[in-house]
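Protein chains in written order, with our numbering: chain Z, 1 to 271; chain L, 1001 to 1297.
Honestly, the hints are just simulated from the structure, not real lab data. Quantities reported herein were computed from a predicted structural model and do not represent experimental measurements. Incorrect hints may have been included.
Lysine-lysine pairs mimicking DSS-like chemistry, simulated, CA-CA at most 25 Å apart [to be verified]:
1) Z:LYS226 x L:LYS1195
2) L:LYS1252 x Z:LYS191
3) L:LYS1125 x L:LYS1049
4) L:LYS1237 x Z:LYS191
5) Z:LYS99 x L:LYS1216
6) L:LYS1252 x Z:LYS190
7) L:LYS1195 x Z:LYS99
8) L:LYS1131 x L:LYS1047
9) L:LYS1197 x Z:LYS99
10) Z:LYS171 x L:LYS1125
11) L:LYS1054 x L:LYS1197
12) Z:LYS191 x Z:LYS226
13) L:LYS1131 x L:LYS1054
14) L:LYS1125 x L:LYS1047
15) L:LYS1051 x L:LYS1278
16) Z:LYS171 x Z:LYS105
17) L:LYS1131 x L:LYS1049
18) L:LYS1125 x Z:LYS169
19) L:LYS1051 x L:LYS1131
20) L:LYS1047 x L:LYS1195
21) Z:LYS105 x Z:LYS2
22) Z:LYS211 x Z:LYS169
23) L:LYS1195 x L:LYS1131
24) L:LYS1237 x L:LYS1278
25) Z:LYS252 x Z:LYS211
26) L:LYS1217 x Z:LYS191
27) L:LYS1237 x L:LYS1197
28) Z:LYS2 x Z:LYS171
29) L:LYS1049 x Z:LYS105
30) Z:LYS226 x L:LYS1216
31) L:LYS1197 x L:LYS1049
32) Z:LYS5 x Z:LYS105
33) L:LYS1256 x L:LYS1197
34) L:LYS1278 x L:LYS1054
35) L:LYS1216 x Z:LYS190
36) Z:LYS190 x L:LYS1217
37) L:LYS1125 x Z:LYS99
38) L:LYS1051 x L:LYS1197
Here's the letter readout for the chains.
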Amino acid sequence: MKTVKHKILVLSGKGGVGKSTFSAHLAHGLAEDENTQVALLDIDICGPSIPKIMGLEGEQVHQSGSGWSPVFVEDNLGVMSVGFLLSSPDDAVIWRGPKKNGMIKQFLRDVDWGEVDYLIVDTPPGTSDEHLSAVQYLSAAHIDGAVIITTPQEVSLQDVRKEINFCHKVKLPVIGVVENMSVFICPQCKKESQIFPPTTGGAEVMCQDLKIPLLGKVPLDPHIGKSCDKGQSFLTDAPDSPATLAYRSIIKRIQEFCGHHPPKEEHLIGS
Amino acid sequence: MEEVPQGCPGTGSAQAGRGASCQGCPNQRLCASGAGAAPDPAIEEIKEKMKTVKHKILVLSGKGGVGKSTFSAHLAHGLAEDENTQVHQSGSGWSPVFVEDNLGVMSVGFLLSSPDDAVIWRGPKKNGMIKQFLRDVDWGEVDYLIVDTPPGTSDEHLSAVQYLSAAHIDGAVIITTPQEVSLQDVRKEINFCHKVKLPVIGVVENMSVFICPQCKKESQIFPPTTGGAEVMCQDLKIPLLGKVPLDPHIGKSCDKGQSFLTDAPDSPATLAYRSIIKRIQEFCGHHPPKEEHLIGS
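Could you build all of it, start to finish, from the sequences and the hints given here?
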């Protein structure tokens, strides 16, 4: 990992809140600067969504003398996922914990990322094998921090508090929280609806309570789902959407966090 | 069991302890002796325990956040509306927590000191908990046991199927949302069901459309770019049990811990849920539990 400057984990206790969507667009956003080298690692072994969202379905991984090659979306944006190792995207990966851990170890140790400014690690929901392994295997390599994704309702926030609890336990800095699916603006009448009502104040109140930065709130936009299904960057598909503006502002705050917290040599994270 | 070798053939396999990848594994001797291949005695114990449970339904999805728990809870509420679905306690083992006289619940959530406590367990420890839930909870006489699962095809799912392997699971209800990113994971889940010979009762498509409460026009928030669950079910020849529209009341009811079916009885979502629940009851009625029915795992 010495050639990887910044490492960011994208986490959520809850499923379906937009981790992979966010990871993919964080990667796209950072890679818009051609001078920035970006790597996106998908460690969701059972439900690897990154190949589809990045438009890389059907791609295969190549092995060379220096390790596995990531699959490149752009010259400066490489991707790795268990999805590239399956013969068919419908193949179920029915592995217990130890085997998943072995795969994650291989991804972190054997992929030849090269010189990378940002490594983004997309995770499955929960606080189990994949998360412990990612933190454990990266423990000597300095993770800048975790971005935690949630949606506004209490049922999500409850799981997210556990995830934040996990971060504290493994001494993983929390860069901040992103609230997805905040509001929906009806394309016909332009009025706002709260589809997932923030009955307990949403991420805003949770972040105040836990003294963690709220990086931003992203509204629901049907174009996001469409772009992901088509494997395209929503940021370029819908540059004027309020969701795009929200994403860009969040990405900027993450860059600032990484700029203010430069990687130290020999920095150890307790695990 | 941290350093299980990459090519571990499985402790129950004929190659256990004998395969090339077994060299150097701390458990090699144990596996080679055949001790690992003996079936877990809990499986028989669970079969006995489950004799008083008529129907067992797993609620699955490859994808997270599609509404498994929401659906499981409302399937339970809907079935329990018939007061004749009775539970009698016989007083041995863990007691479920009762919502109504005829609706009992068990979850690891009840064992935490605080709801914010993270349960940071690796696979084997989670499997142990699931075994305990299935073996040690005293459900009593039950018409329907609904098992809500986390997303994926991993420890929890394998364990649930394995531990219930002697006890006959009626089938699985698979939850999805309309977009291809979800369907892709759901096809994996259906693939999993086929592999472990778990019958698929059908698929429920949640978050189908959103009807704007102001102008009453429909929006597809999660566009079915590849035809949604309908096309997937046609392709895979699996029943589509129903499509549930988005309704903000669902989220509210769940956050408040109330049944959405009683909070919003006239919502199109409630009507959709009720129709789906009826189809599940019909499936269970047409496929009565057989004695000694074994599911291969």
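Results of checking the hints against the structure:
1. The hinted pair formed by LYS226 of chain Z and LYS1195 of chain L fails the criterion: a straight-line CA distance of about 31 Å is larger than 25 Å.
2. Taken as a hint, the LYS1252 of chain L and LYS191 of chain Z pair is honoured in the structure, with Cα atoms around 20 Å apart against an allowance of 25 Å.
3. For the proposed pair LYS1125 of chain L and LYS1049 of chain L, the alpha carbon gap of about 22 Å is at most 25 Å, so the pair holds.
4. Simply put, LYS1237 of chain L and LYS191 of chain Z have alpha-carbon atoms about 40 Å apart, too far for the 25 Å limit, and the pair is violated.
5. Between the alpha carbons of LYS99 of chain Z and LYS1216 of chain L the distance comes to roughly 49 Å, so the proposed pair goes past 25 Å and is violated.
6. A distance of roughly 23 Å separates the Cα atoms of LYS1252 of chain L and LYS190 of chain Z; the hinted pair therefore holds under the 25 Å criterion.
7. As the CA atoms of LYS1195 of chain L and LYS99 of chain Z are separated by approximately 18 Å, the hinted pair is consistent with the 25 Å bound.
8. Of the supplied pair hints, the one linking LYS1131 of chain L and LYS1047 of chain L holds, its CA atoms being roughly 12 Å apart against a limit of 25 Å.
9. At roughly 22 Å between alpha-carbon atoms, LYS1197 of chain L and LYS99 of chain Z fall within 25 Å of each other, so this suggested pair holds.
10. Of the pairs offered as hints, the one joining LYS171 of chain Z and LYS1125 of chain L holds, with about 22 Å between alpha carbons and a cut-off of 25 Å not exceeded.
11. As the CA atoms of LYS1054 of chain L and LYS1197 of chain L are separated by approximately 19 Å, the hinted pair is consistent with the 25 Å bound.
12. At most 25 Å may separate the alpha-carbon atoms for a hinted pair to count; LYS191 of chain Z and LYS226 of chain Z meet this at roughly 22 Å.
13. Proximity of LYS1131 of chain L to LYS1054 of chain L is assessed by CA-CA distance (about 19 Å); at most 25 Å being required, the pair is judged to hold.
14. Taking the CA atoms of LYS1125 of chain L and LYS1047 of chain L, the gap is near 22 Å; set against the 25 Å cutoff, the hint holds.
15. Simply put, LYS1051 of chain L and LYS1278 of chain L have alpha-carbon atoms about 24 Å apart, close enough for the 25 Å limit, and the pair holds.
16. Under the criterion of a C-alpha separation no larger than 25 Å, the hint pairing LYS171 of chain Z with LYS105 of chain Z is consistent with the structure, at around 20 Å.
17. With a C-alpha separation of about 12 Å, the suggested pair LYS1131 of chain L and LYS1049 of chain L falls inside the 25 Å cut-off, and the hint holds.
18. With a CA separation close to 18 Å, the supplied pair LYS1125 of chain L and LYS169 of chain Z stays within the 25 Å bound.
19. With a CA separation close to 16 Å, the supplied pair LYS1051 of chain L and LYS1131 of chain L stays within the 25 Å bound.
20. With a C-alpha separation of about 21 Å, the suggested pair LYS1047 of chain L and LYS1195 of chain L falls inside the 25 Å cut-off, and the hint holds.
21. With a C-alpha separation of about 16 Å, the suggested pair LYS105 of chain Z and LYS2 of chain Z falls inside the 25 Å cut-off, and the hint holds.
22. Between the alpha carbons of LYS211 of chain Z and LYS169 of chain Z the distance comes to roughly 16 Å, so the proposed pair stays at or under 25 Å and holds.
23. For a cut-off of 25 Å, the pair hint linking LYS1195 of chain L to LYS1131 of chain L stands: about 21 Å separates their Cα positions.
24. Of the supplied pair hints, the one linking LYS1237 of chain L and LYS1278 of chain L holds, its CA atoms being roughly 20 Å apart against a limit of 25 Å.
25. Of the supplied pair hints, the one linking LYS252 of chain Z and LYS211 of chain Z holds, its CA atoms being roughly 20 Å apart against a limit of 25 Å.
26. Our distance criterion of 25 Å between C-alpha atoms is met by LYS1217 of chain L and LYS191 of chain Z, whose separation comes to about 12 Å.
27. With a C-alpha separation of about 16 Å, the suggested pair LYS1237 of chain L and LYS1197 of chain L falls inside the 25 Å cut-off, and the hint holds.
28. Restraint check: the Cα-Cα separation between LYS2 of chain Z and LYS171 of chain Z comes to about 21 Å, which is no more than 25 Å; the hinted pair holds.
29. Under the criterion of a C-alpha separation no larger than 25 Å, the hint pairing LYS1049 of chain L with LYS105 of chain Z is inconsistent with the structure, at around 40 Å.
30. Among the hinted pairs, LYS226 of chain Z with LYS1216 of chain L is consistent with the structure: their alpha-carbon atoms are about 23 Å apart, no more than 25 Å.
31. Pair hint LYS1197 of chain L plus LYS1049 of chain L holds up; C-alpha atoms about 22 Å apart against a cutoff of 25 Å.
32. Simply put, LYS5 of chain Z and LYS105 of chain Z have alpha-carbon atoms about 19 Å apart, close enough for the 25 Å limit, and the pair holds.
33. About 37 Å separates the Cα atoms of LYS1256 of chain L and LYS1197 of chain L, which puts this hinted pair outside 25 Å; it is violated.
34. Restraint check: the Cα-Cα separation between LYS1278 of chain L and LYS1054 of chain L comes to about 17 Å, which is no more than 25 Å; the hinted pair holds.
35. For the given pair, LYS1216 of chain L sits about 12 Å from LYS190 of chain Z by alpha-carbon distance, which is consistent with the 25 Å threshold.
36. Among the hinted pairs, LYS190 of chain Z with LYS1217 of chain L is consistent with the structure: their alpha-carbon atoms are about 11 Å apart, no more than 25 Å.
37. Distance restraint check for LYS1125 of chain L and LYS99 of chain Z: the Cα-Cα separation of roughly 15 Å lies within the 25 Å cut-off, and the hinted pair is therefore satisfied.
38. For the hint linking LYS1051 of chain L to LYS1197 of chain L, the alpha-carbon distance of about 21 Å falls within 25 Å, and the restraint holds.
Going down the numbered hints, you'll see the structure goes against 1, 4, 5, 29 and 33, while the others check out.
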